[in-house]
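Peer 1: Take each chain as given, in its own frame, and dock them per the hints.
One line per chain: the protein sequences are A and B, in this order. Per this note's numbering, the very first residue in the first sequence carries number 33; after that it's consecutive. Per this note's numbering, the very first residue in the second sequence carries number 95; after that it's consecutive.
By construction, these hints were calculated from the structure, which means they are not laboratory data. Careful: at least some of the hints might be erroneous.
What the hints assert, rightly or not - List of simulated lysine to any residue pairs, SDA-like, C-alpha gap at most 20 angstroms:
{"no.": "1", "chain 1": "A", "residue 1": "Lys79", "chain 2": "B", "residue 2": "Gly255"}
{"no.": "2", "chain 1": "A", "residue 1": "Lys180", "chain 2": "B", "residue 2": "Lys253"}
{"no.": "3", "chain 1": "B", "residue 1": "Lys240", "chain 2": "A", "residue 2": "Ala284"}
{"no.": "4", "chain 1": "B", "residue 1": "Lys240", "chain 2": "A", "residue 2": "Gly381"}
{"no.": "5", "chain 1": "A", "residue 1": "Lys84", "chain 2": "B", "residue 2": "Phe257"}
{"no.": "6", "chain 1": "B", "residue 1": "Lys258", "chain 2": "A", "residue 2": "Leu178"}
{"no.": "7", "chain 1": "B", "residue 1": "Lys253", "chain 2": "A", "residue 2": "Lys296"}
{"no.": "8", "chain 1": "A", "residue 1": "Lys79", "chain 2": "B", "residue 2": "His254"}
{"no.": "9", "chain 1": "A", "residue 1": "Lys48", "chain 2": "A", "residue 2": "Gly215"}
{"no.": "10", "chain 1": "A", "residue 1": "Lys320", "chain 2": "A", "residue 2": "Gly381"}
{"no.": "11", "chain 1": "B", "residue 1": "Lys103", "chain 2": "B", "residue 2": "Gln207"}
{"no.": "12", "chain 1": "A", "residue 1": "Lys48", "chain 2": "B", "residue 2": "Lys258"}
{"no.": "13", "chain 1": "B", "residue 1": "Lys253", "chain 2": "A", "residue 2": "Leu178"}
{"no.": "14", "chain 1": "A", "residue 1": "Lys180", "chain 2": "B", "residue 2": "Leu259"}
{"no.": "15", "chain 1": "B", "residue 1": "Lys240", "chain 2": "A", "residue 2": "Lys84"}
{"no.": "16", "chain 1": "A", "residue 1": "Lys180", "chain 2": "B", "residue 2": "Lys258"}
{"no.": "17", "chain 1": "B", "residue 1": "Lys240", "chain 2": "A", "residue 2": "Glu54"}
{"no.": "18", "chain 1": "B", "residue 1": "Lys253", "chain 2": "A", "residue 2": "Trp182"}
{"no.": "19", "chain 1": "A", "residue 1": "Lys180", "chain 2": "B", "residue 2": "His254"}
{"no.": "20", "chain 1": "A", "residue 1": "Lys180", "chain 2": "B", "residue 2": "Gly256"}
{"no.": "21", "chain 1": "B", "residue 1": "Lys180", "chain 2": "A", "residue 2": "Gly215"}
{"no.": "22", "chain 1": "B", "residue 1": "Lys240", "chain 2": "A", "residue 2": "Trp182"}
{"no.": "23", "chain 1": "B", "residue 1": "Lys258", "chain 2": "A", "residue 2": "Gly53"}
{"no.": "24", "chain 1": "A", "residue 1": "Lys79", "chain 2": "B", "residue 2": "Gln207"}
{"no.": "25", "chain 1": "B", "residue 1": "Lys180", "chain 2": "A", "residue 2": "Tyr221"}
{"no.": "26", "chain 1": "B", "residue 1": "Lys258", "chain 2": "A", "residue 2": "Asn81"}
{"no.": "27", "chain 1": "B", "residue 1": "Lys258", "chain 2": "A", "residue 2": "Glu54"}
{"no.": "28", "chain 1": "A", "residue 1": "Lys48", "chain 2": "A", "residue 2": "Arg184"}
{"no.": "29", "chain 1": "B", "residue 1": "Lys143", "chain 2": "B", "residue 2": "Glu206"}
{"no.": "30", "chain 1": "A", "residue 1": "Lys115", "chain 2": "B", "residue 2": "Lys103"}
{"no.": "31", "chain 1": "B", "residue 1": "Lys258", "chain 2": "A", "residue 2": "Ile80"}
{"no.": "32", "chain 1": "A", "residue 1": "Lys79", "chain 2": "B", "residue 2": "Leu125"}
{"no.": "33", "chain 1": "A", "residue 1": "Lys79", "chain 2": "B", "residue 2": "Lys180"}
{"no.": "34", "chain 1": "A", "residue 1": "Lys296", "chain 2": "A", "residue 2": "Glu192"}
{"no.": "35", "chain 1": "B", "residue 1": "Lys130", "chain 2": "A", "residue 2": "Asn420"}
{"no.": "36", "chain 1": "B", "residue 1": "Lys253", "chain 2": "A", "residue 2": "Arg75"}
Because the structure is a prediction, the values reported are computed rather than measured.
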Amino acid sequence: MGKTLAEKIIGSHAQKEVTAGEIVLVPVDVCLTQDGTGPLAIRQLQKINLEKAANPKKTVLFLDHAAPSPRRELANDHITIRKFAEKTGACLSEVGEGVCHQIISESYLNPGDILIGADSHTCTGGALCAFSTGMGSTDVAVGLALGKTWLRVPETFKVEVNGKFPPGVYPKDLILHLIGMIGADGATYKALEFCGDTIKKMSMSGRLTLSNMAVEAGAKAGLIASDETTKKFLQAQGRGSKFKKITADKDAVYERVIEIDASKLVPAVAFPHTVDNIKPISEAKGIKIDQVFIGTCTNGRLEDLKIATEIIKGKKKHPKTRMIIVPASKAVFLDAIKAGYIKTLVEFGATIMAPGCGPCVGVHEGILGDGEACLATMNRNFKGRMGNTEGFIYLASPATAAVTAIKGEIADPRGFFTKKKPVKKTAKKKKR
Amino acid sequence: MSMIGKAWKFGDDISTDLIAPGRLFHLRSNLPELAKHVLEDADPQFAGKMQTGDFVVGGNNFGCGSSREHAPTIIKLSGVSAVLAKSFARIFYRNSINVGLPALICDTDKIEQGDELEVDLGQGTVVNKTKNLTLSFAPLPPAMIKILNDGGLLAHIEKHGGFKLD
Ligand code: SF4
Numbered sequence: 033m034g035k036t037l038a039e040k041i042i043g044s045h046a047q048k049e050v051t052a053g054e055i056v057l058v059p060v061d062v063c064l065t066q067d068g069t070g071p072l073a074i075r076q077l078q079k080i081n082l083e084k085a086a087n088p089k090k091t092v093l094f095l096d097h098a099a100p101s102p103r104r105e106l107a108n109d110h111i112t113i114r115k116f117a118e119k120t121g122a123c124l125s126e127v128g129e130g131v132c133h134q135i136i137s138e139s140y141l142n143p144g145d146i147l148i149g150a151d152s153h154t155c156t157g158g159a160l161c162a163f164s165t166g167m168g169s170t171d172v173a174v175g176l177a178l179g180k181t182w183l184r185v186p187e188t189f190k191v192e193v194n195g196k197f198p199p200g201v202y203p204k205d206l207i208l209h210l211i212g213m214i215g216a217d218g219a220t221y222k223a224l225e226f227c228g229d230t231i232k233k234m235s236m237s238g239r240l241t242l243s244n245m246a247v248e249a250g251a252k253a254g255l256i257a258s259d260e261t262t263k264k265f266l267q268a269q270g271r272g273s274k275f276k277k278i279t280a281d282k283d284a285v286y287e288r289v290i291e292i293d294a295s296k297l298v299p300a301v302a303f304p305h306t307v308d309n310i311k312p313i314s315e316a317k318g319i320k321i322d323q324v325f326i327g328t329c330t331n332g333r334l335e336d337l338k339i340a341t342e343i344i345k346g347k348k349k350h351p352k353t354r355m356i357i358v359p360a361s362k363a364v365f366l367d368a369i370k371a372g373y374i375k376t377l378v379e380f381g382a383t384i385m386a387p388g389c390g391p392c393v394g395v396h397e398g399i400l401g402d403g404e405a406c407l408a409t410m411n412r413n414f415k416g417r418m419g420n421t422e423g424f425i426y427l428a429s430p431a432t433a434a435v436t437a438i439k440g441e442i443a444d445p446r447g448f449f450t451k452k453k454p455v456k457k458t459a460k461k462k463k464r
Numbered sequence: 095m096s097m098i099g100k101a102w103k104f105g106d107d108i109s110t111d112l113i114a115p116g117r118l119f120h121l122r123s124n125l126p127e128l129a130k131h132v133l134e135d136a137d138p139q140f141a142g143k144m145q146t147g148d149f150v151v152g153g154n155n156f157g158c159g160s161s162r163e164h165a166p167t168i169i170k171l172s173g174v175s176a177v178l179a180k181s182f183a184r185i186f187y188r189n190s191i192n193v194g195l196p197a198l199i200c201d202t203d204k205i206e207q208g209d210e211l212e213v214d215l216g217q218g219t220v221v222n223k224t225k226n227l228t229l230s231f232a233p234l235p236p237a238m239i240k241i242l243n244d245g246g247l248l249a250h251i252e253k254h255g256g257f258k259l260d
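Just chain B, same shape as in the assembly (with noise of 0.2 angstroms):
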């Protein structure tokens, strides 16, 4: 499956509490209004900016922080189709996974804002049209792709009616 879109590019130590803030606590039970403000104390334009099938690309331990699933949440629900970083923390790596949200780790140095890339997740590939450079992103654990491949834990929950990773 490929996917195309624009790169908005971000720097490193992107935390949860910049991606959905502690002062829109409030907003946590509604995550349609909490999207709106997506990534809002990184870069204020992108919420209302972006693109459906952009990508958000982060440096070095992209979400670091607070646990929130609401973080990788609604940057899905805002119609991102993937994160690329070079590294994310482990905890929003995970919770990406699980709201099938697909977190990409490769050498994003090569990104910038604008860029057209091309995801390719069965090829492993992020083509970057802008600069004519394909690059690489490390595979998932097994366990990983077999959640994501179900469409996040819930659904893999519901179809197994319990986990099945191997």
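Here chain A stands alone, though its shape is the one from the complex (with noise of 0.2 angstroms):
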């Protein structure tokens, strides 16, 4: 019988054929923990005096959720994960060098590899064709000092993407449209598998943000098949050895396929205070924002930058609306300062934070006013996520986010596009 590629992950290091439903017990090949999830973790393996880590190359402690800290109490956990690291040789990734699941797949994860993370993101990893998944902070703890953890082969819904993005619509907008389609459980316990052309042809950058959201649908896993890019991908973090080709079986048996045409997609919009809360851009035009977030492990890397550079430059920022741009790495951040975006961001009238989650969890570097509005590019809108209940999330992609900080209110991102083309045609035209 053909398998997914959640099937053919799990088996190979279960060393059996595995399908669905089967629970198994497997090696892990990374570990992850952050600055919220890591000081329990740790407290945990040392109450049954088992501090230590199975691979300590590739269990990685992340100080990238309240970094830098802004408090007392949080910069002692930071103290805890590092006294940890030095005593495990755990990797220590320190304040400043950006998210978890940014780093890890610039630096660690491998295609084929499982990876159990205790944030519940780390399904970001799929898009690397890794088995990703998240876990709390026992599970990874006991995960991380054993180098083992049990798991339950999922089921996978096979989301098949065709066509080409019309001009000013990104992954952002489909995997908000798929978790609109589907609901915040229209996928609970199971992977997504994302194929088709329009998957074939994305980039590293588009594959990570339709993982990182696959859990948004409640999945467990959002997979994608290595191929080219995952390859170029790797040779340019200097991992090109490691790529493996993995692909699903043409007879591998999925518990649903889901169609979706992105030709049709326009920008989509999830509304306050839940992710699948989606409306099409059309119905959000006008919506004052008080502020405007760019960052994340779901859209903070250098493409995601340079699409909003792209739209301010050369334009005012609304007076009465913020702008916070928090690259995802430190490597993103170099790399936008020099093409030049942070300098265009900074005299657009953007405030530029240390590489790490920033305001995502709300615990500091822009906490919403009563009342106050948010457009953001992160993954998750729900009530109190800002730091403050009295506060409305919205997301959208990095595109409609930089022309909401333009216009002060939600805007099309498309008639960035539409209006700039035909300009530039008939001014060639005149010439010659």
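Peer 2: Listed below in structure tokens is the structure:
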């Protein structure tokens, strides 16, 4: 019987053929914790005298959620994590290095791996065709100490996407559309497998955005077959030799097949307070926005900053709207400086924060005031998410975020593209 | 083993942000203090008024969002004996069992705020004494029953010196 990507990767670790529904004990290749979940993981291991890492070079402890620390208690949590890293030899990703999922993809994860992380968006790694899934502190603590975990092999939804995105529409709009379609619990316990022409042509940055948000539909993993794009990404990170081609079998058994025509998509916006409260941009236009935030493990990569910079270049930020930019990693930050994006963004009036989670989880760097609205490129808009239950969070693509910062209200990025192109063409024609 | 208590009813999509808010991130290493705020952003009355042994009753997708195990941990710490919902988010479900908090899937539309419930884990039943109704809940996967019976994942690992799921 044909196998899905999830069955193939889990089966190769269990050293037998596995089928959806089975529970197996498997070795884990990479483990991660962050500063919100790491201290609890460490205390759990201390309780049973198991303070060790089975594979320290692939155990990564991140300081990214509350980094730099906004309070004494959190600074002390950082000390706990640093001490554990020292004791076990595990890797420490310090303040300013960036968001866990970005760095795991840049520097640690390879196709065919199993990654468990004490962070729900660990599913981001599925873009590299690694079975990557989020768990709690105790599961990951035990996993990193023993080098093993148990998994239930998930059933898979195949999400087949074909067609070309219209200008102004991006992978973020696609994943928001999908979540709106199947609901916030539409894929609970399942794996999503993204395939089709659109995915084949998509950059790694866009793929990471898709896999990142799989959990917002309840999924356990969001997998994409590895291909030339995966290979080039790994080569660029100096890990070309780790490339492995993994594809699902043609006769793999899927619980459900969802087909999407990318050419029919429009910019999408998730309204407060659930990610599946999706509306087309036409219904969001005109909503006043106090803060625009571009960043996070969803959309804080170079490609995202490029899109935003190209839109805001030469324009003025709306005087009543703040703009916060947080590059997802140090590498992204340096590349954005080199490309001149950071200068343009600062001149425009944006506030740039250290690579990390920024205001995403409501601990620092942009907590909303009562009644304020934020349009963010992040993945969640739950009530209270940005530190205030009286705040309102709208989710959209970096392009929608950029035009919104100019207008001071939610705006349609397609206008930017349709206006610009014909002007150029007619200008050229006149010259000739 | 049977447990008796009152139902505290919550809606759909109760996120871990509502159970253990990000704005209280700094209390994550002080769980008893964090527990004083359990579910505060969903129902500010709950933490102060619930009695040991009571049940948290949700709708669909209970515990969605972040992987923070602090969420089920503080529900348990506050004295809640089990969480009942129509469906759970995956990570929350796994975390609950790991910390020894029963998470039971049943038709919670038949339970209202304040109903008196008797839950029998062995029988797989929820008796709604107020409404005179018996509901059944879906059994846990065998691996999870082992972990729950050992008192959570940590106790399981300590007892067996590693995983012993079959
Ligand atoms: S950027 Fe936001 S969603 Fe991503 S890991 Fe950080 S807090 Fe979580």
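Peer 1: Look at each hint and say if it fits the structure.
Peer 2: The hints, checked one at a time:
Taken as a hint, the Lys79 (chain A) and Gly255 (chain B) pair is honoured in the structure, with Cα atoms around 14 angstroms apart against an allowance of 20 angstroms. For the hint pairing Lys180 (chain A) with Lys253 (chain B), the CA-to-CA distance comes to about 17 angstroms; that is within 20 angstroms, so the pair holds. Our distance criterion of 20 angstroms between C-alpha atoms is broken by Lys240 (chain B) and Ala284 (chain A), whose separation comes to about 32 angstroms. The straight-line distance between the Cα atoms of Lys240 (chain B) and Gly381 (chain A) is roughly 56 angstroms, outside the 20 angstroms bound, and the hint therefore fails.
Straight-line distance between C-alpha atoms of Lys84 (chain A) and Phe257 (chain B) comes to about 16 angstroms, which keeps the hinted pair within the 20 angstroms bound. A C-alpha spacing of about 13 angstroms is found between Lys258 (chain B) and Leu178 (chain A), which places the hinted pair at or below 20 angstroms, so the restraint holds. Distance hint between Lys253 (chain B) and Lys296 (chain A) is unfulfilled; the C-alpha atoms sit about 56 angstroms from each other, more than 20 angstroms. Annotation: proposed proximity of Lys79 (chain A) to His254 (chain B) holds, straight-line Cα distance about 15 angstroms (limit 20 angstroms).
Restraint check: the Cα-Cα separation between Lys48 (chain A) and Gly215 (chain A) comes to about 34 angstroms, which exceeds 20 angstroms; the hinted pair is violated. For the given pair, Lys320 (chain A) sits about 18 angstroms from Gly381 (chain A) by alpha-carbon distance, which is consistent with the 20 angstroms threshold. At most 20 angstroms may separate the alpha-carbon atoms for a hinted pair to count; Lys103 (chain B) and Gln207 (chain B) meet this at roughly 5 angstroms. Distance check on the hinted pair: Lys48 (chain A) and Lys258 (chain B) sit about 19 angstroms apart at the alpha-carbon level, within 20 angstroms; holds.
Distance check on the hinted pair: Lys253 (chain B) and Leu178 (chain A) sit about 15 angstroms apart at the alpha-carbon level, within 20 angstroms; holds. Restraint check: the Cα-Cα separation between Lys180 (chain A) and Leu259 (chain B) comes to about 13 angstroms, which is no more than 20 angstroms; the hinted pair holds. For the suggested pair Lys240 (chain B) and Lys84 (chain A), the alpha carbons sit about 25 angstroms apart, so the restraint of at most 20 angstroms is broken. The suggested pairing of Lys180 (chain A) with Lys258 (chain B) holds, with an alpha-carbon distance near 12 angstroms, which does not exceed 20 angstroms.
Restraint check: the Cα-Cα separation between Lys240 (chain B) and Glu54 (chain A) comes to about 16 angstroms, which is no more than 20 angstroms; the hinted pair holds. For the proposed pair Lys253 (chain B) and Trp182 (chain A), the alpha carbon gap of about 17 angstroms is at most 20 angstroms, so the pair holds. Taking the CA atoms of Lys180 (chain A) and His254 (chain B), the gap is near 14 angstroms; set against the 20 angstroms cutoff, the hint holds. Proximity of Lys180 (chain A) to Gly256 (chain B) is assessed by CA-CA distance (about 9 angstroms); at most 20 angstroms being required, the pair is judged to hold.
Straight-line distance between C-alpha atoms of Lys180 (chain B) and Gly215 (chain A) comes to about 15 angstroms, which keeps the hinted pair within the 20 angstroms bound. Our distance criterion of 20 angstroms between C-alpha atoms is met by Lys240 (chain B) and Trp182 (chain A), whose separation comes to about 13 angstroms. Of the supplied pair hints, the one linking Lys258 (chain B) and Gly53 (chain A) holds, its CA atoms being roughly 19 angstroms apart against a limit of 20 angstroms. The suggested pairing of Lys79 (chain A) with Gln207 (chain B) is violated, with an alpha-carbon distance near 38 angstroms, which exceeds 20 angstroms.
For a cut-off of 20 angstroms, the pair hint linking Lys180 (chain B) to Tyr221 (chain A) stands: about 14 angstroms separates their Cα positions. In summary, the hint linking Lys258 (chain B) to Asn81 (chain A) is supported, as the alpha carbons are separated by about 19 angstroms, within the 20 angstroms threshold. A distance of roughly 16 angstroms separates the Cα atoms of Lys258 (chain B) and Glu54 (chain A); the hinted pair therefore holds under the 20 angstroms criterion. Distance hint between Lys48 (chain A) and Arg184 (chain A) is fulfilled; the C-alpha atoms sit about 14 angstroms from each other, no more than 20 angstroms.
For the hint pairing Lys143 (chain B) with Glu206 (chain B), the CA-to-CA distance comes to about 17 angstroms; that is within 20 angstroms, so the pair holds. Using a Cα cut-off of 20 angstroms, the hinted pair Lys115 (chain A) and Lys103 (chain B) is violated, with the two alpha carbons roughly 42 angstroms apart. Annotation: proposed proximity of Lys258 (chain B) to Ile80 (chain A) holds, straight-line Cα distance about 16 angstroms (limit 20 angstroms). Between Lys79 (chain A) and Leu125 (chain B) the CA atoms are separated by roughly 15 angstroms; this keeps the pair inside 20 angstroms, and the hint holds.
A hinted pair counts as satisfied when its Cα atoms are at most 20 angstroms apart, and Lys79 (chain A) with Lys180 (chain B) does not qualify at roughly 34 angstroms. Restraint check for Lys296 (chain A) and Glu192 (chain A): the C-alpha separation of about 14 angstroms stays at or below 20 angstroms, so the hint holds. Between Lys130 (chain B) and Asn420 (chain A) the alpha-carbon distance is near 18 angstroms, which keeps this suggested pair within the 20 angstroms criterion. Of the supplied pair hints, the one linking Lys253 (chain B) and Arg75 (chain A) holds, its CA atoms being roughly 18 angstroms apart against a limit of 20 angstroms.
Of the numbered hints given earlier, the model fails hints 3, 4, 7, 9, 15, 24, 30, 33; all others are met.
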